[in-house]
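K.L.:
Chain by chain, the residues:
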Amino acid sequence: MSVADQAPRFAGPVDQRMWSERIPAPWWILGLILLLLPIVANNFWLFQIMGWTFILGMIGLSLMFLAGYGGMVSLLQMSIAGMAGYMVAILGPSGAANVSLGLSWWIVLPAAFLIAALFATISGALAVRTDGIYTIMITLAIAAAFFYFTRQNYSVFNGYSGFNLVLPPQVFGVNWRDPLPFYYLTLACASLCYGAVVYLARAPFGLALQGVRDNPRRMAALGFNVTAHRVAAYALTSVFASTGGILLVWQNAQIAPGTIGISSAIDVLVVAVVGGIRRPLGPFIGAFIYVLLQVFSTDILGFFGFSADRFKLIIGIGFLAIVLFSPDGVLGLWDRWRARVVARKGATTGAGA
Amino acid sequence: MNAPVVSSRMNLPVAGNASSGNALELRGITKMFGALAAISDVTLSVKPGERRAVLGSNGAGKTTLFNCITGDFLPTAGLVRFFGEDVTVFPPHERIRRGLRRTYQISSLFTGLSVMDNVYLACCGVSRNRFSLVRPRLDDALVHAAQILVDAVHLTDDKDRLVGELAYGQQRQLEVALALSGAPRFVLFDEPAAGLSPTERADLVTILTSLPAHIGFIIIEHDMDVALRVAESVTMMHNGRIFKEGRSDEIESDPEVQELYLGGGHAHH
Chain Y
1 MSVADQAPRF AGPVDQRMWS ERIPAPWWIL GLILLLLPIV ANNFWLFQIM
51 GWTFILGMIG LSLMFLAGYG GMVSLLQMSI AGMAGYMVAI LGPSGAANVS
101 LGLSWWIVLP AAFLIAALFA TISGALAVRT DGIYTIMITL AIAAAFFYFT
151 RQNYSVFNGY SGFNLVLPPQ VFGVNWRDPL PFYYLTLACA SLCYGAVVYL
201 ARAPFGLALQ GVRDNPRRMA ALGFNVTAHR VAAYALTSVF ASTGGILLVW
251 QNAQIAPGTI GISSAIDVLV VAVVGGIRRP LGPFIGAFIY VLLQVFSTDI
301 LGFFGFSADR FKLIIGIGFL AIVLFSPDGV LGLWDRWRAR VVARKGATTG
351 AGA
Chain C
354 MNAPVVSSRM NLPVAGNASS GNALELRGIT KMFGALAAIS DVTLSVKPGE
404 RRAVLGSNGA GKTTLFNCIT GDFLPTAGLV RFFGEDVTVF PPHERIRRGL
454 RRTYQISSLF TGLSVMDNVY LACCGVSRNR FSLVRPRLDD ALVHAAQILV
504 DAVHLTDDKD RLVGELAYGQ QRQLEVALAL SGAPRFVLFD EPAAGLSPTE
554 RADLVTILTS LPAHIGFIII EHDMDVALRV AESVTMMHNG RIFKEGRSDE
604 IESDPEVQEL YLGGGHAHH
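From first to last, the protein sequence lines stand for chains Y and C. The numbering of the first sequence is the numbering used here, which starts it at 1 and goes up by one. The numbering of the second sequence is the numbering used here, which starts it at 354 and goes up by one.
If we strip away everything but chain Y, and leave its shape as in the complex, we get:
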């Protein structure tokens, strides 16, 4: 792997073009489709499928930033998202009135981001001293510890039952949990997070993180504190994970230990790998596939006479196939297909000339 493999040619950290010129045409079309989707899509698609895709995509994006740019595969991202979600439920109003503090949203939201960032920083500081498989193990251990803690602690996390009736605040008089507003809310958050990752990848911090991934010893010899840089990456990605986590709580109107269980932690990794863990778009594609499979597997499995709860089997087989045939995910398949088309086109025009 090399530093620039996600971003195909780019002339220097300074790009002199206007921001609107830098965005290729397919992106404008995709943006237009997403903006106009509510004209054709029903509420189920807007709220359940697309809303969940964007949320899962943002949590996957936080892993993509760590793993793709930083070379750190973390199973902690769902816990960080869950921490932010839990904080919204604990500090704000919820059905568990004896535990929740019922504070206003403008205190709750910053506090949730801050506490989740603190959690990510401390966990990251533990995890970055390890490499490869050990990073996976230590982050898995922290995720498991947090899961069991929330299940057994009743004074703060309300134990097994968690929190229900956690609703988004009625800012601007809009009920943000209505399908249409929720769709645009998640779309806006996802676009912002995506844009932030694309931007940061070429800012000094992001460039240096990719340098740390490729050659930590050289980075130290250039004056970079490699450990500090890695920990800072955990802190930074908590912003994307927390955004996803808070929206997830609002979408489900509840949070419980099951939301942040081990299987959810692994799902985030599956989502990012299936889509393509080296590019920011990957997790969103992975999330879309995951959500479609989860939602429609009942019908597909029923058609073949299997029980509906076997949908993990389909996802597992799909994951296996992707890892075997396209280690860089669905985006990798797309790249290779396009390269072949371009090569064929080049061959035919070459023969014609």
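Because the hints were derived from the structure by calculation, they are not lab data. Even for Gly, the Cβ is constructed at its ideal location relative to N, Cα and C. Hints may contain errors.
To be verified - Computed far set for chain C versus chain Y, every beta-carbon distance over 10 Å:
id, residue
1, L486
2, L549
3, T559
Said to hold, decoys possible - FRET-style restraints, in silico, Cβ to Cβ:
id, chain 1, residue 1, chain 2, residue 2, range
4, Y, F304, C, G517, 45 to 51 Å
5, Y, A141, C, D513, 55 to 61 Å
6, C, T383, Y, M137, 32 to 38 Å
7, Y, Y199, C, T559, 55 to 61 Å
8, C, D492, Y, I29, 32 to 38 Å
9, Y, I23, C, E447, 56 to 62 Å
Following the hints, complete the assembly by docking chain C onto the known chain Y.
P.N.:
Okay, now just chain C, sitting in the frame of chain Y:
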């Protein structure tokens, strides 16, 4: 640190004061790998602005010595002082931020980035901008500094090319540029001329001799021609120990040295 001042020779900023005493001082440096002593009891001092060549056969412990100076390895015993400050147990990045730089024997570059990006990254490493979340503008001071360095190592025409696509010799020149980022006070060059063609060697000698006078360096070099043209003093190492020290011309004419390393003084021309 003082505000950077542009020097007259090569346009590099100047940092710190030209303090009295030694730029680099090693006392009794020993590095053991298990039972093997890679270097033993090396004591060496280099004055600010002094250019020193370290010669010796393969396995003499030259690169290990560099690794102890930069902090890549902690020495088993001994003391490293950098401009009077005891840096023996400092992590590498702390030494770099104090003005120490190094190059690698085998090019250690970011091959997927352009030439400018590599040098820009090096400039970020020794600035407070290293954690910046904001992309640089075209008039950014670090981008400007990177541009000056790219010009200084004669890579202006290739500044937007990916480093992986560069010729070997150009990659060696880029190694030198990375070591000159920020305000270097002392540089360790690990065989910068290895594998270069005669023309490229001449180019490298030009680059090294045109460095600002306040920047001292140690150069490990097998090519006596290069070593003796850029350095005024020589340290010879043998089996992990210092074997001889002196002015370049003394060492060149020393019969013992000629016997050991120059094959009687005729072989290398």
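K.L.:
Run through the hints listed earlier and report the numbers of any the structure violates, in increasing order.
P.N.:
As far as the earlier hints go, 1, 5, 7, 9 are violated by this structure, in ascending order.
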